[in-house]
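What follows is the residue order along each chain.
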Amino acid sequence: MKSSFRKAVRAERLKLKRSPVWLAFIALPMISAFFGTFNYLNNIEILKSEWFSLWTQHSLFLCYFFMPALIGTYCSYLWRLEHTRHNWNSFLTSPLPFPALYFGKLAQAVFMAVLGNLWIFFLYYICGKLSGLNSPFPKDAASWFLFGTIGAVAVCCVQLFFSLVIRSFAVPIGIAMAGGILGLWVTNKGMGLCYPYSLYSIGMRANNPNLELDIGAHLVNSAGYIVLFAALSVLYLRRHEISAN
Amino acid sequence: MITLQMEFKKIRRKKIGLTMFALLGIQFAWLLWSTNNPNEQELLQGWLGHLQSQPLICAIMMPTIMSVLASRLADIEHKGNTYKQLKTLKTAGALYRAKVLCGFLFLFLMTAANFLFLLLLGYKYGYVGNPDPKAYLAAFILQIACCLSLYLLQLDLSMLFFNQMIPLVVGLCGSMLGVILMYLKTYSFLPWGGFLSSALVMMDWNPDTRVITYYYRDYTPIELFAVAMIFVWIVFFYTAGKILFTRKES
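Residue numbers (numbering that gives the first Met the number 0), protein chains in the order written: chain W, 0 to 244; chain R, 0 to 249.
Think of the hints as simulated: they come from the structure by calculation, not from any bench.
Check each hint, because a few of them may be wrong.
Below, in silico cross-link-like pairs of lysine-lysine (BS3-like), each with a Cα-Cα straight-line distance of 30 Å or less [to be verified]: (1) R/K86 x R/K247; (2) W/K47 x R/K9; (3) R/K83 x W/K16; (4) W/K188 x W/K47; (5) R/K13 x W/K14; (6) R/K123 x R/K9; (7) R/K13 x W/K6; (8) W/K14 x R/K247.
One side of the interface only, derived from the structure: several residues of chain R facing chain W at Cβ under 7 Å [as the list claims (entries may be wrong)]: (9) L22; (10) L30; (11) W32; (12) N35; (13) V168; (14) L171; (15) M175; (16) V178.
We put the beta carbon where it would ideally sit given N, CA and C, even for glycine.
Modelling step: build the complete structure from the supplied sequences, incorporating the hints.
Below is the structure:
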């Protein structure tokens, strides 16, 4: 299984070679960081908590609405090749077990989500320094990154499932966008930890850096969604007759 | 007409209408949530409040919804590799027009449903008085124009690029820009800022009394120019798309 997984990851990497899909993960956080910092500097007399205030400006919209949709775009792209022409035939007849094929794709999605998150924090640090923040970089950022990434893995699993089942490239992205917006409402009602699209923004403490995160609930729910949607995806690959287009 | 009919035949059973109304459903849910349990002041200014909040919600959601719609309509040809074959049957201009018209019908219906929902919501809550027909009609036309400009931009990108990730990421970035511009300005010359320029009603929040007062916007010449830009973008994207599509090889 281990070597099958490695082969699947290598195959996925080959499929993505010279494809500038990572550019999206660079561009979107940059827009958020640029305007977030601009807004922070314009309202510096109201926003007094330095790094924490800057974080709210950087993360609010990005984490709630756009990161889930961006992850959704990447997941759609990962299955797009399979949904095109007769590629399902070659994918399903490849000499690798279905779980390895699926986890190969999941590994790519998670890799990109982690890179995206690292980029968000790098921009946060640079923008903070450029804004003249002299206080030390918050240690809590490590926790935001860790739990944000765990939440992002859950979103990856959900979106990979939707992109596998729905042949269209665009529809799962619409679902992710809608999921992110609904997440705002669900989080506002205090049920964010039960909803996959909110796990990312809650983990990142978007708009609320002082939030006391219920770590146990976050981990259990994230793991639950990861296992559930990974199992559903593998089951779908096994049981369903996926016809080549 | 035949070309347009052909477009609708191609998207049969693709559930594009269902997808669009599902996304619109999220917008309705958002409106319901944000207007829930109105107080006396909100009942008094409810009709105006709708005209202020509607463009803001659209600025966040519509760039992505339009990118999904355009991608669904254009991707059929990419997947089937049918561009070249279609061009042997009809002129490229006619094909492009049909795609534009097909998308326009969708966005017209969506906007109509959107405004119908606003009216139903207002009457259900019992807002004081009646909506101002002139303002609602103007807001309706401006929303259609904004959506059309974004749809044309997305259609051009979706038809030009085989990799649909590019237009969809542009749509997402547009949504992001729309929401950020909302905090910085009341108008914008960018296609994604059209919703801000077209907001006919503004609000004034008094931090001491915590009361929001809505009022009709007095357009300055530069803001009027920003509104005119929406129509300039429509003409520009349509012309550019038609030329690019005609020149496209396959």
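(request) Could you check the structure against the hints above and give me the numbers of any it violates, in ascending order? (result) Structure breaks hints 2, 6, 7, 10, 12.
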